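Heads up: the protein sequence lines correspond to chains A and B, in order. Quick note: the first sequence, position 82, residue 81 per numbering that gives the first Met the number 0, numbers continuous. Quick note: the second sequence, position 268, residue 267 per numbering that gives the first Met the number 0, numbers continuous.
Hints listed in this document are in silico derivations from the structure and should not be mistaken for laboratory results. Worth double-checking, as some hints may not be accurate.
[Said to hold, decoys possible] Keeping only pairs whose Cα atoms sit at most 20 Å apart, straight-line, the calculated EDC-like set for lysine to aspartate or glutamate is:
{"#": "1", "chain 1": "B", "residue 1": "LYS58", "chain 2": "B", "residue 2": "GLU75"}
{"#": "2", "chain 1": "A", "residue 1": "LYS147", "chain 2": "B", "residue 2": "GLU24"}
{"#": "3", "chain 1": "A", "residue 1": "LYS151", "chain 2": "B", "residue 2": "GLU229"}
{"#": "4", "chain 1": "B", "residue 1": "LYS260", "chain 2": "A", "residue 2": "GLU144"}
{"#": "5", "chain 1": "B", "residue 1": "LYS247", "chain 2": "A", "residue 2": "GLU137"}
{"#": "6", "chain 1": "A", "residue 1": "LYS151", "chain 2": "B", "residue 2": "GLU178"}
{"#": "7", "chain 1": "B", "residue 1": "LYS1", "chain 2": "B", "residue 2": "ASP31"}
{"#": "8", "chain 1": "A", "residue 1": "LYS147", "chain 2": "B", "residue 2": "ASP227"}
{"#": "9", "chain 1": "B", "residue 1": "LYS1", "chain 2": "B", "residue 2": "GLU26"}
{"#": "10", "chain 1": "B", "residue 1": "LYS260", "chain 2": "A", "residue 2": "GLU50"}
{"#": "11", "chain 1": "B", "residue 1": "LYS287", "chain 2": "A", "residue 2": "GLU159"}
{"#": "12", "chain 1": "A", "residue 1": "LYS153", "chain 2": "B", "residue 2": "GLU26"}
{"#": "13", "chain 1": "B", "residue 1": "LYS22", "chain 2": "B", "residue 2": "GLU51"}
{"#": "14", "chain 1": "A", "residue 1": "LYS62", "chain 2": "A", "residue 2": "GLU113"}
{"#": "15", "chain 1": "B", "residue 1": "LYS260", "chain 2": "A", "residue 2": "GLU159"}
{"#": "16", "chain 1": "B", "residue 1": "LYS22", "chain 2": "B", "residue 2": "GLU305"}
{"#": "17", "chain 1": "B", "residue 1": "LYS49", "chain 2": "B", "residue 2": "GLU24"}
{"#": "18", "chain 1": "B", "residue 1": "LYS179", "chain 2": "A", "residue 2": "GLU120"}
{"#": "19", "chain 1": "B", "residue 1": "LYS247", "chain 2": "A", "residue 2": "ASP122"}
Quantities reported herein were computed from a predicted structural model and do not represent experimental measurements.
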Amino acid sequence: MSELFTLIVELEDKPGQLLRVLEPIARNGGNIVGIFHQRGKKTPLNRIPVEISFTADSRRAEKIVEELQKEFLIRQFGKLRTAVISLLLIGHVIHTDLSDTIKRVDNSEAECVELIVTMPERDEPSTAMITITAKSREALERALERLKGICKEKGILVLEPINDEI
Amino acid sequence: MKIAIVGFGTVGQGVAELLVAKKSEIEKKIGDFRVVAIADLTGSIWGEFKLEDAIRLRKEKGRLPGDRSAMEIAEEEDYDVMIEVTTTRLEESGIAYMRTALKRGASVITSNKSIAYDFQGLMKLAESKNAKLMYEATVGGVMPIIRLLNSYLAPCEILGVRGILNGTCNYILTRMEEEKLPYNQILSEAKEMGIAEANPKADVEGIDAGIKLVILANTIGIPAKFEDIEITGITNITPQAFAVAMQKGYTIRLIAEASRKNLRVSPRLVPLNSPLAIKGTMNAAMIKTDTAGDIFVAGRGAGKFETATAIISDLYELVRTR
């Protein structure tokens with residue numbers, strides 16, 4: 000299962016640097032979920048700290064960091080104690096009260112953090128990609144089971160990803 | 000070796016044609032052999048006959064000349080191996096011929112997925128008669144998965160298997176991924192191309208993949224029955240679903256999954272860079288083991304000579320391990 004990692008890398012203030020950092024992450028199967036560019040925080044050597052969050056399994060994450068370290072100064076790297084899963088929902092996602100669905104999945108240990116929805120023509124089923132994060136794998140499993148239960152009740156098809164775990 | 004062929008449709012004829020075309024190579028591997036009887040629903044042939052003639056008669060006249068039934072042939076003829084390649088119906092049908100052969104101590108090589116309905120029973124029967132039941136062709140056509148699990152990976156614990164076991168569904172999903180066409184349009188196209196059957200229910204609703212998953216599960220030591228498999232087909236998948244999935248780096252495939260935790264056939268999000276994001280009518284499987292990591296296989300899941308090749312391969316294996 001993918002986990003969320005974050006790293007802070009110091010980049011020289013010249014064009015193309017960010018791309019060079021992102022490429023090894025993408026090439027090794029990391030999924031970049033956030034980039035925070037701190038231009039106002041230049042280091043004495045005139046470098047810019049950039050915070051990058053990505054999801055990957057831990058083996059790939061290690062490989063990514065190993066590759067990046069050859070070329071860049073990595074100031075900080077760590078696993079956010081968070082498990083992430085993206086699921087695809089097909090059906091009358093909106094007309095069965097999407098906000099109710101999300102409210103019932105969210106609790107103190109898990110929450111829906113991203114939603115991509117396509118609005119189809121009237122009466123056609125719609126599609127939503129929902130991303131849930133949780134404090135632990137177990138919490139994520141529980142959130143997934145909740146979501147599956149709700150979708151069954153509402154007649155929505157849930158497509159789960161194939162993960163490392165079977 | 001005396002061989003009886005039960006079922007003389009596409010696959011049966013494919014087997015016979017390979018036995019004729021590659022006779023000398025095959026005899027080098029398994030010794031002298033002779034097909035002593037052939038039977039299907041149209042008729043039968045036995046005794047002294049040339050295999051070439053049987054193939055020609057079946058093609059030209061649409062039937063075999065004799066009137067003894069397949070069951071009579073199975074019960075009465077003297078053979079060492081039965082090649083059982085009747086059509087899989089969603090019931091027990093072909094199993095009766097297999098049981099008859101096994102009870103008489105003859106080994107059986109089959110492409111018939113019906114073995115899923117009594118896998119354990121058939122295996123026990125074979126063992127008690129010191130015969131073998133070989134079934135590589137039942138799952139994934141010529142994709143070498145059964146022997147991979149039973150033989151090569153025998154030292155491993157198999158933690159789970161995920162497979163694309165239905166070429167029709169994979170074709171439809173691939174087309175939807177590439178062309179963003181609606182399900183029904185692609186289904187009619189697949190029918191026209193002969194990739195989908197006139198009644199595609201068993202394929203698109205995941206039943207065919209479910210039956211194959213029962214065979215796979217039993218092969219890795221999970222005594223599953225068809226009722227144990229949670230099945231969702233592909234009929235509700237939309238082109239929009241692909242568009243959204245792709246924004247996150249996924250495509251959609253019908254995945255059959257067997258592990259201690261899950262027995263299910265369902266459309267799943269598959270990372271675009273996963274080998275399981277395979278295209279077209281191909282079948283594929285990812286096997287997760289304790290000591291050998293992940294193993295991936297792919298191959299043609301159907302086809303006359305593909306399936307016949309798997310049958311002949313089982314014949315070699317039968318002789319090799321005798």
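Hint-by-hint comparison with the structure:
1. The hinted pair formed by LYS58 of chain B and GLU75 of chain B fails the criterion: a straight-line CA distance of about 26 Å is larger than 20 Å.
2. Straight-line distance between C-alpha atoms of LYS147 of chain A and GLU24 of chain B comes to about 55 Å, which puts the hinted pair past the 20 Å bound.
3. Among the hinted pairs, LYS151 of chain A with GLU229 of chain B is consistent with the structure: their alpha-carbon atoms are about 13 Å apart, no more than 20 Å.
4. Of the supplied pair hints, the one linking LYS260 of chain B and GLU144 of chain A holds, its CA atoms being roughly 14 Å apart against a limit of 20 Å.
5. In summary, the hint linking LYS247 of chain B to GLU137 of chain A is not supported, as the alpha carbons are separated by about 23 Å, beyond the 20 Å threshold.
6. Distance check on the hinted pair: LYS151 of chain A and GLU178 of chain B sit about 30 Å apart at the alpha-carbon level, beyond 20 Å; violated.
7. About 9 Å separates the Cα atoms of LYS1 of chain B and ASP31 of chain B, which keeps this hinted pair within 20 Å; it holds.
8. Annotation: proposed proximity of LYS147 of chain A to ASP227 of chain B holds, straight-line Cα distance about 19 Å (limit 20 Å).
9. For the hint pairing LYS1 of chain B with GLU26 of chain B, the CA-to-CA distance comes to about 12 Å; that is within 20 Å, so the pair holds.
10. The hinted pair formed by LYS260 of chain B and GLU50 of chain A fails the criterion: a straight-line CA distance of about 38 Å is larger than 20 Å.
11. Between LYS287 of chain B and GLU159 of chain A the CA atoms are separated by roughly 18 Å; this keeps the pair inside 20 Å, and the hint holds.
12. Between LYS153 of chain A and GLU26 of chain B the CA atoms are separated by roughly 61 Å; this puts the pair beyond 20 Å, and the hint is violated.
13. Proximity of LYS22 of chain B to GLU51 of chain B is assessed by CA-CA distance (about 12 Å); at most 20 Å being required, the pair is judged to hold.
14. For the given pair, LYS62 of chain A sits about 27 Å from GLU113 of chain A by alpha-carbon distance, which is inconsistent with the 20 Å threshold.
15. The hinted pair formed by LYS260 of chain B and GLU159 of chain A meets the criterion: a straight-line CA distance of about 15 Å does not exceed 20 Å.
16. A hinted pair counts as satisfied when its Cα atoms are at most 20 Å apart, and LYS22 of chain B with GLU305 of chain B qualifies at roughly 17 Å.
17. A distance of roughly 18 Å separates the Cα atoms of LYS49 of chain B and GLU24 of chain B; the hinted pair therefore holds under the 20 Å criterion.
18. Only pairs whose Cα atoms come within 20 Å are accepted, and LYS179 of chain B paired with GLU120 of chain A is accepted, the gap being roughly 16 Å.
19. As the CA atoms of LYS247 of chain B and ASP122 of chain A are separated by approximately 26 Å, the hinted pair breaks the 20 Å bound.
Going down the numbered hints, you'll see the structure goes against 1, 2, 5, 6, 10, 12, 14 and 19, while the others check out.
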